[in-house]
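Undergrad: Residue numbers (this note's numbering), protein chains in the order written: chain A, 1 to 481; chain B, 1001 to 1251; chain C, 2001 to 2392.
No wet-lab data here; the hints were simulated from the structure. One should not assume that every hint holds.
[Claimed, not checked] Below, a list of computed lysine to any residue pairs in the SDA-like style, where the Cα atoms sit at most 25 Å apart:
hint, chain 1, residue 1, chain 2, residue 2
1, A, 411, C, 2045
2, A, 411, C, 2267
3, A, 470, B, 1108
4, A, 367, C, 2267
5, C, 2330, B, 1086
6, B, 1100, A, 442
7, A, 411, C, 2343
8, C, 2330, A, 405
9, A, 260, A, 197
10, C, 2289, A, 357
11, C, 2289, C, 2317
12, C, 2368, C, 2070
13, A, 470, B, 1113
14, A, 425, B, 1108
15, A, 69, C, 2191
16, A, 66, C, 2368
17, C, 2036, A, 67
18, A, 411, C, 2258
19, C, 2298, C, 2368
20, C, 2281, C, 2359
21, C, 2036, A, 65
22, A, 346, C, 2321
23, C, 2298, B, 1144
24, C, 2036, A, 375
[Unchecked claim] Which chain C residues stay away from chain A? Per the calculated CB distances, all over 10 Å, these:
hint, residue
25, 2006
26, 2008
27, 2017
28, 2030
29, 2086
30, 2089
31, 2104
32, 2269
33, 2330
34, 2343
35, 2347
36, 2355
37, 2372
Yeah, the Cβ is synthetic: ideal placement off N, Cα and C, and Gly gets one too.
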Amino acid sequence: MSTEEQILEELTSKEYEHGWSVDFEADETPLGINEDIIRFISAKKEEPEWLLEWRLKAFRLWQEMKEPKWVNVSYPKVEFQAIRYYSAPKQDKKPTSLNEVDPELLKTFERLGISLQEQKRLTGVAVDAVIDSVSVATTFKDKLSELGIIFCSFSEAVQEHPELVKKYIGTVVPSNDNYYAALNSAVFSDGSFCYIPKGIRCPMELSTYFRINAANTGQFERTLIIADEDSYVSYLEGCTAPMRDENQLHAAVVEIYAAKNAEVKYSTVQNWYPGDKDGKGGIYNFVTKRGICAGDHSKISWTQVETGSAITWKYPSCILKGNNSVGEFYSVAVTNNYQQADTGTKMVHIGKNTRSRIVSKGISAGKSQNSYRGQVEVIKRAENARNFSQCDSLLMGSLCGAHTFPYIDIKNKTAQVEHEATTSKIGEDQIFYCQQRGIDEETAVALIVNGFAKEVMNKLPMEFAVEAQKLLALTLEGSVG
Amino acid sequence: MISIKNLQASIKDKKILKGIDLEVKAGEVHAIMGPNGSGKSTLASVLAGREDYEVTGGSVEYFGEDLLDLDPEERSQKGIFLAFQYPVEIPGVSTTNFMKTAINKVRESRGEKALDAVNFLKLMKEKMKLVDIDQSLLSRSLNEGFSGGEKKRNEIFQMAMLEPKLAILDETDSGLDIDALKIVADGVNKLKSKDNATVVVTHYQRLLNYIVPDFVHILYKGKIVRSGDKNLASELEEKGYDWIKEEAALV
Amino acid sequence: MIEEYNMLRSFEHLINDNPSSKEAWKMLTEIGLPHKKSEAYKFTPIAPILEKNINWSLEPKNTFDEKQLYSVKGSHFVFVNGILNENLSRTQPDVSFIIEEVREGRHDPFSLLNTSLASNELVITSGTASPIFIYHFNSTGISSPRIRIKIKSGESIQLVEKLLETNKNTFTNSFIHFEVAENAFACHTKVQNYGNSNYSHETVVADVENNGHFYNNTFSFESALTRNNLIINLNGQNCEGHMYGLFLLDKKSHIDNNTTVDHLQPNSFSNELYKGILDEKSTGVFNGKIYVRQDAQKTNAFQSNNNILLSKDATLHTKPQLEIWADDVKCSHGCTSGQLDEYAIFYLRTRGIDRNTAEAMLLHAFAKETLEQVRLETVKDEVLGLIDQKLL
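Make a model of the complete structure from these sequences and hints.
TA: Rendered as structure tokens:
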């Protein structure tokens, strides 16, 4: 066996670090989905009638829809009747402070490296922890509420701020938007809610940590972020799941609304369980994320580091409706073993002088397939739209694939759109140069990959950048082509 | 320090080195000269452990250890430094970050603790002065968009940082104007001590005006055909390589 | 569900009586014509457009016009309504050709349609020293020319193809296949300047073996709707595929350029440059696919598509697509859409050139880059003339 093969072998045998599950009592529905299940979920969450109706309407739409086929991924048919649509860690009553949260739960998050104890908190990060389907704890709530910022679980928002939820839910991602968005709209269980009032710059990073724990459980969280005029927020999302042989479904919806002059920065480090080296198990990550720059001069910026999931199907998008609004998408997607990722973005230029920027870095190793799929659309009245896209792929080994599908549709002559894509591999001369300076091959690869992804990594908030770098190195160490 | 005996190497079944003998001791400066294609750069690469070349015979002992058994990074960690003729570009990785990783790997191999940021920066500042290299260059992506002179100066800077026992300079003078050449040579001279050795691989004599060798060897068709002191280099400058070629043809 | 198009039924009586045609027709009726949601025809819903606009029962007209032929020494093949007319053709002694029964072709809907309807196939069986010109004089509802060019090892060919639709509301569905043997060379140039009520679907396939080179130049000006499917299979090692295209459109012209280059073996090279200038209510579509298969290490593939929109009613869809399964390759694609450089216009104006002339000059320069590989001066002059005619 050559050294190259050995290293590939080592790499592929590297186990998923967060792959353990914790046994605590869960409160859950039977497997499968029907209107009764939806009524049960809604009742469980003591939801108002309008929301139940909204869910049921989405469910009826979903039943008439078909799974999308255009994606460059293949997987066995998802048995929607074999999934559990609601599983909440059982708590005797709703905790009012962290002291009342099940210590087992707190330990779960400690093991993930996220402390919910405020005294041990990460500096300046407020965390909402969602386990299976339910938000279990939100830190820093009081401090934020002094500024009028609402940061809480989605269920809580339904109870406490129904008018806001009702006004914005489904306005950016309508429930009939696509198959998985419809499913989510019908059965979503919890998620995070965030409202930044006029003129407020949120002084800390807001963060949600998602974890799937129970078996056969789908996670369907829903996040809604509303940034009112002249406000700013930076929001982080992290995800992990235990190792299981079966595939688990994650179909989330994220909606962002940015009013005039508002800016929202949304960062994700996705590390769902990718399946083992033979492609067994792993999360199906079918997510709809979209933001609307509704007001003039507003800005939405998506940054994502995608290292996990067996299948990723995800296109965080921006609707640039306000004049002079700005949309950004920075992405690093790493696939290894049998992972498949089909990810990218959609920038819809509607307002005048809108700008968008897309930087996508795809890294494929093992037998994985990595696709960038993006669309830049300039509608007829979108004067002076600007877009720049850069899509680079790095291939490691000769059994993986890199695919680029950029769609550019322009109906206005003043548009200036540029798209560039390149493909490269890690050069043997680069590795040798590093080795000559005393750096071993594994470290050299990590160094080069991080260099390749740097432009995107730099966009992550500090707290996440370190974790993301570690993840990249972990997924790819030594994978030399 | 290093003892090369009857070293033979080939690339893709083409024999390049056909039996090299060379002994380098601490404190010495050796120059290896020769016309294009004589095997100079191959020798440098083989000593650094480049896998494209296959060693087909002979031995290399380095401080009593079989050098040919070691991985490239182990050779580096044990003090062998190759200044590349064509330094490689690595996008997105700054020289600073690169050097920090390298230094700490070398320290780790010696069982030393990693340098913290403060001490690393201190070391870097000190070595920057030595080769007169600009901070801004070090924060840019490694060698990317560097001019020829900047690349070579960066090589010498890295050499200063890693403090090798045996430095091999592969055509370090190529593509340098006279001022850059002086700076590079000056850096090399400052790094010279009684404990380390330098092997200068070059086609031209001009670098040897600034880095004065104790020994000069002429490599031709994969063999050292003549050895002498620095006067040999001057002789070569005067007469050109044809003289060597003719002589070799007679043998 | 296959969407039914009535026109398929109107072709039924035209099907050739040979096994390949019948088989193709059977397959076509199973898969159907591309419907509105077909990804490959997303921006060119060709079937419904044809159904609406083509007069399938058009009486053929005698439209041959000697003056339309290039006055260049070479072999001139004249097709009338999709069938080679040997009386009108004039060939050089260096060309050898035969007429054959149609054989199985590709399995996409329009190739199947061609296989079903083409009455026979012109097969040019060797390379030639003098250029070859193929003209299509089409005046019936549907014409299905079918051509195969076999270039033997070490030989070369220069082929210019021109379609002259002289009756309104006609549809041409052509299929031309190049077999480029080892060390062979082929250059295929098409000039598309049709009427504003003429429709075409043109398939060009090239199979290139070791060390073979294939060039395609496609210049599109006016057409109600033209779909170009260009497929280059680089089957051997050290092959080269070159694709150059210009679409300079006005009125309601609609051109869809769909190109695919497939690298199957190591060490091949492909280069693609397409430029679009869109004026008035025209629509330009570019979809360029590069495939690099697992065995095709050391592939170099480059693709570029640059566009300028001149009018507020013009539409552009571009999708440069890269799919790679080999790691030691150099591939890049780029595409841009924009307007003329105002600074350059200003510069020319400070030299006394009026705005219109300045713009025309810059556009001319922009367009001209795609002509580099056209070796026949007569054709080059013709295309330059058309560019000027459209721009000035």
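Undergrad: Please list, smallest to largest, the hint numbers that this structure does not respect.
TA: Violated: hints 2, 14, 15, 16, 19 and 33.
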